[in-house]
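**Q** Sequence:
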Amino acid sequence: MVRSKRVVVVRFNSNPGAVRCWGERKITRVERYYWLFDCEHLTKCTQHHNLRSLKHSVSSCAFESILCRLGETRAIPGYFHFYNTGLQNQSVMYVQESLEAEPTVFLDPNTFSEDGTVALQGYAFSEDGEYLAYGTSASGSDWVEMHFLQVEGAVALKDKLERVKFSCMSWTHDGKGLFYNSYPMQEGKSDGTETSTNLHQKLYFHVLGTPQSQDCLCAEFSDHPKWMSGVEVSDDGRYVLLSIREGCDPVNRLWYCDLQTTPQGITGLLPWVKLIDNFDAEYEYVTNEGTVFTFKTNLEAPRYRLININFAQPAQANWKELIPQHDKDVIVFATCTYSSLLFVCFLHDVKNVLKMYRLSSGEELRTFPLDVGSVVGFTGRKRDSEIFYYFTSFLSPAVIYHCDLTKEPLHPHVFREVTVKGFDPSDYQTTQVFYPSKDGTEIPMFIVHKKGLKLDGSHPAFLYGYGGFNISITPSYSVSRLIFVRHMGGVLAVANIRGGGEYGETWHKAGMLANKQNCFTDFQCAAEYLIKEGYSSPSKLTINGGSNGGLLVAACVNQRPELFGCAVAQVGVMDMLKFHKFTIGHAWTTDFGCCDVKEQFDWLIKYSPLHNIHVPEGEGVQYPSVLLLTGDHDDRVVPLHSLKYIATLQHVVGRWAGQSNPLFIHVDTKSGHGAGKPTSKVIQEVADTYAFIARCLNISWVK
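In our numbering, the protein residues as written are 586 to 1288.
Since the hints were derived computationally from the structure, they do not count as laboratory data.
Here the structure is a predicted model, which is why all the values come from computation and not from measurement.
Every residue, glycine too, gets a C-beta built ideally from N, C-alpha and C.
Some hints could be false.
Said to hold, decoys possible - Below 25 Å or equal to it, Euclidean Cα-Cα: the simulated PhoX-like pairs (lysine-lysine) are:
(1) 1036 to 1006
(2) 1166 to 1183
(3) 787 to 750
Stated by the list, open to error - Each pair of labels, with its calculated beta carbon distance range:
(4) 1027 to 845: 49 to 57 Å
(5) 737 to 885: 43 to 51 Å
(6) 745 to 862: 34 to 42 Å
Start from the sequences, fold in the hints, and give me the full structure.
**A** See the structure below:
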């Protein structure tokens, strides 16, 4: 490695594999950092960069203060519920017999490993509540091991399932076993550090008390290696519904099996009936009454609707609409509770609305009162006579409401509410604004700050965005972001740019494939709005995003470096010409496209962060301070994306005399894409990140 006075510039070399052909053109791209595929070199590079980044961050006085404040978060109890005392690496599952009973520990993931890096990753109780299946993942990898408990006494069973990834966990109602998904064995490692492509996922059925080698193969798609599936057993236990997807688009095939046609039980490939055998729309099971099934769908309804399909008369001409598409609002989820009631959650201008309907007719019965915020959890099965729903907002950590459906009039009451010591939400305000993007489209954005803020452009701002995969970024509570607002005098802004699902599939399509540039433009216009309205100024503005949002941050830094003072990109997709070659990246081509198709290559090459790094033009213009964050076990967006980007950025920009802002990366060890990260690592990463921002933007800590 070669040192310069500002940055570390890692070695590079060209590689013949970087010469690619698209159509009749030969496009030459020198792969300077091809050697980063080598695990030994990767480890050495990681250690060196982490040492430099850590020394820079801990020099800020904000470090210890942030560590102290983050330890004051709390979680909330329920029947089976998760609770964290505040600093436990993993939340603990408790059980209590009644709403008034004292909870006791049922399953403690902190016992899975000494350092908290083995996490609970999904769980499912059998229908009778006798057994629990649960997954564990190590170091943040998407690979899962499944284990089983007998609920009475929390007795561990010997059953263990391996090679599980992107899996369902669905029990048959007799409790004999469950469906799950697994991938074939592959050469080399399978611990989250590999980059090999995930193909040929299969659906299996595991019978309790038998070895995995005897599990029944229930579905496979040999001619379609990229297909992935998951099953759900119907509310009455009779049907198995198979949903098949090829990518991340909200579309799926829908097959089903009537278990009454398998009197000998599940012994092999199931006799699937192909109800929907195309990828034209999405169908999500809600409930069924006999052969009449209710689905949430975007068929001819980009904001979704509920329809009934009678399996005895499956022709599309016989389908009935139960709840029509709303004129503006998007249906987020629908669930059936207390036999005959439908609870439907809508998204209205990025704020959740919860309504109740009659299952038999689709008649709207009532709306449940909610503040401006999000319903992030809902519990209530068809056989239950009560519901719980979990509400959060920018200024409210968590409120769990309980409603007894047997008592009229229905009266939801607060079952549990979290308050944060020393934090008074009345000192702050949340505003939703709509700002114009370059093409005139009105983009919603939430802005949070202390009351009485003077709009003079002097305040640091933290602008977050995502903009992809039909994912809606709704209001949520973040201790770390409120620390920025409270103790760093900052303004928090969350821009709901196109590409997300905030206004349904139309909004999503406006920010995907050939329209991906709209995401970046929307985000840049959000920054311009904050500057124009006096919330902040370019030298005080930090942008942040993760995964697809990391792509967003890096693309915007390349396109408009003068607009930002600091940029923090987490686990970002940086190489848009090769992302589809690693692990599950092929599934993202539905949103991004694929460079193997000439037309799509032309879109991708224009914004691919790795391929658009350049020395900025204009007097005094340089790249903002940049911090990349990734994990060495991230097998969703593999770390080579961030490593290649920062290495190229340092090589092209870091050696330039006009660049004085730091260009750093931190690769967290024993860490993945984010899920299951232990609290100690979360606190460390957040503290390091905000210390970096404070140092780079010259922000003082306010007690």
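**Q** Does each hint fit the structure? Answer for all of them.
**A** Results for each hint:
no.: 1; hint: 1036 to 1006; verdict: 19 Å, holds
no.: 2; hint: 1166 to 1183; verdict: 17 Å, holds
no.: 3; hint: 787 to 750; verdict: 10 Å, holds
no.: 4; hint: 1027 to 845: 49 to 57 Å; verdict: 53 Å, holds
no.: 5; hint: 737 to 885: 43 to 51 Å; verdict: 49 Å, holds
no.: 6; hint: 745 to 862: 34 to 42 Å; verdict: 35 Å, holds
No hint from the list above goes unmet by this structure.
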